[in-house]
Amino acid sequence: MNFSLLLQSLISGLLMGGIYALLGVGFSLTWGVLRVINIAHASFGILAAYGAYWALTLLHVDPVLSLLPIVGLLFFMGMGIHKAIIQPITRAREIMVASMVLTFGLAIILENTMLVIWSPDPRVLTPSYAGRAILLGDIGIPMTHLVGFGLSLVGILLISLFLHKTHIGKAVQATWQEPEGAALVGIDLHRVSRIAFGLAISAAGAGGIAMAMMYAFDPAMHNLWLIFVFLVVIVGGVGSVFGTALAGLLIGIITGLCMAWVPYHWINAITFGILMIVLLIRPHGIFRTGV
Amino acid sequence: MRSIWPGRITGGWIVSVIILCSLGILPLLSPKVYFLSLLYMVFLYVVLAESWNLIGGFAGYLSFGHVAFFGIGAYTTAFLMSTFHLPVASVLPISLLGGLVSAAVALVVGYPCLRLRGPYFAVITLCFAFVVQILVENLPFFGGVEGLWLTPTKETVAFQRALYYELMMGLMVVVLLVVRGIEHSRLGAGLIAIREDEDVAQCLGIPAPRIKLLAFVLSAFFPGVAGGFHACYLTYISPVIVFDVMISILIVLMTLLGGGGSWAGALLGAVSLSFVNEFLTTFVRAEIARILYGMLFIGVILFLPNGLWEFIRNASFKRAHAER
Amino acid sequence: MKVGRRPRTTFWALVLSTFLLGSLSPIMAAEKPILLGGSLPLTGVWAETAKVIEKGYRFWVQEKNAQGGLLGRPVKLIIYDDQGKPDNAVKLAEKAITVDKVDLLLGGYPGTAARAVMPLAEKHRMVYVSMGGHMKSFQQGYTYCFGSPPLMGEWWFLAAFQWLESIPADQRPQRAAVYIMNNPVGTSLTQSINEWTKKLGIKIVIHERYNLPLPAAEPLVLKAKQKRCDLFISGGVFPDGVMTVRAAKALKYNPKVYMQGVGSIIPAWVQQLGKDGDYIVSGTSYHYKLRNRSNLELRKKVKEKLGWDVIPTYFGFAYAWLQTLAAGVEGAGSLDQTKIRDWLRSHSVETLAGTFTFDEKGLPPPFTYATQIIDGQVELIWPPEVQTHAPIYPKPPWGE
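Chains S, W and D are the protein sequences, given in the same order. With the working numbering, the residue at position 204 of the first sequence is 204, and numbering never jumps. If you want the working numbering, it's the position in the second sequence, counting the first as 1, plus 1000. If you want the working numbering, it's the position in the third sequence, counting the first as 1, plus 2000.
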C-alpha cells in the first residue's frame, strides 16, 4: 500500500472534517437549546467569510485577526435576530417546523443581499501564508488548511469551556436539559436563548472563515455547506459539542480513506452509505447525550 | 369543528367541482401554452407536497429525500420510453409503473429507516437521496451524468402540453382525494397520533410501524408517477434536474408553510408559493424578487406560526362562533 | 351551511386571485420593437456567469439600437430569472414564446438548462442560438438550434493538444493525470483527451472523475506527483480548480503542462489567484484578443462605453450569439423562424469568435483557441495565426 498517499488523504480528510465540525457546533447548539433548526446557519458563515475577505483585501488584516471583531459583530447580530424573529415564533405549536420555514426565508434574504453587495463572483481568501505548506516527505499540508483547522479546534474548545465553566454557559446547559426546571430556578429563558443563539451565529462565523481558508466561496455556497453541517450534527448527536466534533472528524476520515482507495466518483456514495449504516446501528447518533 | 370544515360537504364540493371542471376544460379553449405549463408545474408541486404531507405532515417524519422518489419515477419512465421508443399513448401506464418502482424502493428503504425518529430520519432520507443520485450518475445504462433524451414525438406543442396538463391534473385530483380520505380515516388519526407521541400511540394499540410504512410507500408512489409525467414533459432529464435536493426542501417548505397534517394546508402552501414565485419572477428584478420571497417566509411564520391553513380555519371558526 | 361557506369562498378567492395575479404578465402593447426574450439564472449557483451573459446581451442591444435597430426596428430584451433550474427555464422560455410573443428566443445558460430548452425551441420552431449543452445535445436531430460559438467540452483542449503536437516528440509530456468533474461539463472532455493522448503517445496514468464539492485536492495532486505525471489535466470549475492549483503549489508538484477546464476562463481566476494562476493552459471558443474585424470593433466600443480593457469570455459569447441571430434575421429579411434557420444553414456568419458555417447539427467545424495565463493575462497561444504570446513550455515551477 502506498503509505504516504494514505496518510495525505487521511490528513486532508481530517482537516476538512475538523472545519465542518466548527461550522456544525453552533447549529447543534441552536437545535439543542432552542429547538430551532437554523437553515440560515451556513449563510452566516459565508457572511463572515466575506467580512474576512474585505478585511484582507481592503485593510490587509489577516483573517485570523479580523475573525475576532467579525465574530463579535455576529454575536450581537445573532442576539438581535433572535429578539426580532426567533423569540416570537416560540409560541408556535411546533417550533422546529416553524423555525425551519422562518430561517429558510432568512437564508434566501442573506444569500441575495450578499449577491447584491459582493456580486456572484467566487472568492478565495489569500492571506500572506497562502501557498506555503509544511512538507513531510511526500506529504504536504497547506498552511491555510492548518490555520483553519487550528481555528476550529480553538473555537470548539472555547465553546465547550464556555458551556462548562461559566455561569451563563451552565444556564444554557440547564435550559438544554430541563427547560421547565431552569425556568423554575429563575433562569431567564429568553435571555439564555438569546445568548445561545448569538453564540451559535458567532460559531458559524468562525466556521465560515475557517472554511474560506480551504475552499472558494460565493453567496450561493451555503446550501452545500449546510448539507454537510446537517450530516455532521446529526451523526454526532444533536446537542453534543464533542459529538459534533468527533462526527466531523469521522466524516473526514471516511472521506480521506475513500480518496486513497476508491474511484473518486464513488466517494460520496460510500460516505453517505456509511452514514446511513451508522445511523441505522445507532439511531440516535453516535454520541447521544452530554454537552 | 367538523361541521364547519370540511364537514357538510355539499357547498365545498360544488365549488371544487366547478373549479376542477373549468381547469379541466381550459386546454380546449386553446390558451397560451405557457399557462398550461405554469399550471402543470403548480399541479406537480401540489402532488409532491401532498405526497410528502402523508409522511411528513401527518406522521411527523420529515423526509428530506423525497426527491429521490420523484427521480426514480422519472428515470424509470425515461429509461423505458427512450429504450423501447414507446409512443405517447404509453405515458400513463409507464408512469404508473415508475410510481410502483418508487413505491417498491420506498418499501425496502422505509422498513429499516422508519425506525429512526425525528432529525435522524430526516438525515437518513437525505443521505438516501444522494446515494440514489450518485448510483444513477455512475451506472452507464441510465445515461450517466449526461442524462437521457426521450425520442421526439410528432404531436404538436399545444397537444403535448395539454396532455401532460390533464395527466398531472388528474394525478393531483387523485392525490388530493386520497390525502383527504386518509385525513378523515383511522389511518390518518393513527398517523397524527404517531406525530403527537409515537410511544403513547403504540400503547394505545396503533400498529405504528405498519401504518408508517404504508404512509411512506404511498407518499413515494405519487411522486414516482409525477416524475414519469415530468420526464415526458421535459423530454430531457439528467440527475441534477430530477434529483435536485432543492426540490426536496421546497416541497417540505410548501407543506409546512401551508400547514402540515391537513390536505388543504399542503394544497394552499404549494399553490400560493408557486404563484408568488412566478409573480415575483415576472415583475420584480431578480435579486429583489428573491429577497421578497425570503421575507414572505419570515412574514408568514411570524404572524401565522402554525401555517396558513390553521389561520384560515381558526378565523372561520371564530367567525362561526361570532355568528352563532 | 351559510356558516361554512364563507371561509371556503375566501379560500378559493385567494387561490383565484393569486392565479390571476400570476397570469397578468406584462403584455407589450407596442408592435414596433422586436422582442428578444428568454431566461438566465440571475440568482443562485450559476448567477456569476449569467450576469456576464446578461451584460453582453444588453450591450449588443444598446449597440444595435444605436445603429438603427434590427430590420429598422428597435430591439427590446426580456430576461427572466430561472434561478438555474432547467424546468423553470423551460417554463419561462414558453412564457417568452407564447405570452410575450417574442420575435426571437435568447440563448440560455448553463448547459443543463440549454439542454432542456433545445427540444422546446425545436417544438415551437424557434431559432435558438446558444452555447448548447455539449456534443450530445447537438446530436438529437434538432434543426433550429445553433452553437455559434458553442461551448463544447469535446473541443475544449483541441488547440492545446495541437500545440503539444508541435513540440518534438521526445520533449513532450509522457504521462498524463486526468481529473475531471463527474458532470456533463467534465465528462464531455473525456473522448478528446483519450483520442489525443493516444495520438501523441502520452500514457494516461490516472483517470478519475470526482463529484462536486471536491473535499480535498492534496491527495489527487500527490497521486499525480508520485506517478510522475508531467501532463496534468484538471477539468473542473472555479472552486475545485482553485483548490487543485493551490494543492499543486503546496506540494511543489510541477508538471510540464497544467491544463484546466472552464474554471480558468472566468475573470475571477486571474483576480483571485494572482501569480499562482499563471502558465495554466485552457481552451475557449472566444477570446477578447482575437484579431478579427468584428472583435476589434467590439473591443473599441467596450473600451469607449464601459471602460473595460478586457472583454469577459461569456460577454463575448453572448454578443456572438446575438450577432448570429441578427445575421440570420437580416439575411432572411424577415422574422420568420424557418427562413432564419434556412438562411443560417446556407450562409456563413461573421461573429466575434470567427466566421462560421453550420453543419446539419447546427455546429461550425470543430475549433478552439488554446489559452495560457501569462503574467496575469489570458493569452492566446495556439493556433499560430491567432497567437498573442508564445506558449511557455515547460511550465516554470511555482513561485514563492
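Bear in mind the hints are in silico, worked out from the structure with no lab data behind them. Each hint should be verified, as a subset may be incorrect.
[Stated by the list, open to error] Calculated lysine-lysine pairs in the DSS-like style (CA-CA distance at most 25 Å, straight line):
1. D:K2101 / W:K1154
2. D:K2076 / D:K2361
3. D:K2300 / D:K2136
4. W:K1032 / D:K2361
5. D:K2101 / W:K1032
6. S:K83 / S:K170
7. D:K2064 / W:K1154
8. D:K2064 / D:K2076
9. D:K2300 / W:K1154
Hints, verified against the model:
1. D:K2101 / W:K1154: The given pair, whose Cα atoms are some 23 Å apart, holds under the 25 Å limit.
2. D:K2076 / D:K2361: The given pair, whose Cα atoms are some 29 Å apart, is violated under the 25 Å limit.
3. D:K2300 / D:K2136: 36 Å, violated
4. W:K1032 / D:K2361: Cα-Cα ~30 Å, so violated.
5. D:K2101 / W:K1032: 10 Å, holds
6. S:K83 / S:K170: 21 Å, holds
7. D:K2064 / W:K1154: Since the Cα atoms of D:K2064 and W:K1154 sit roughly 37 Å apart, the hinted pair is violated (cutoff 25 Å).
8. D:K2064 / D:K2076: The hint holds at about 10 Å.
9. D:K2300 / W:K1154: Distance of about 48 Å is beyond 25 Å: violated.
Consistency with the previously given hints fails for numbers 2, 3, 4, 7 and 9, ordered from lowest to highest.
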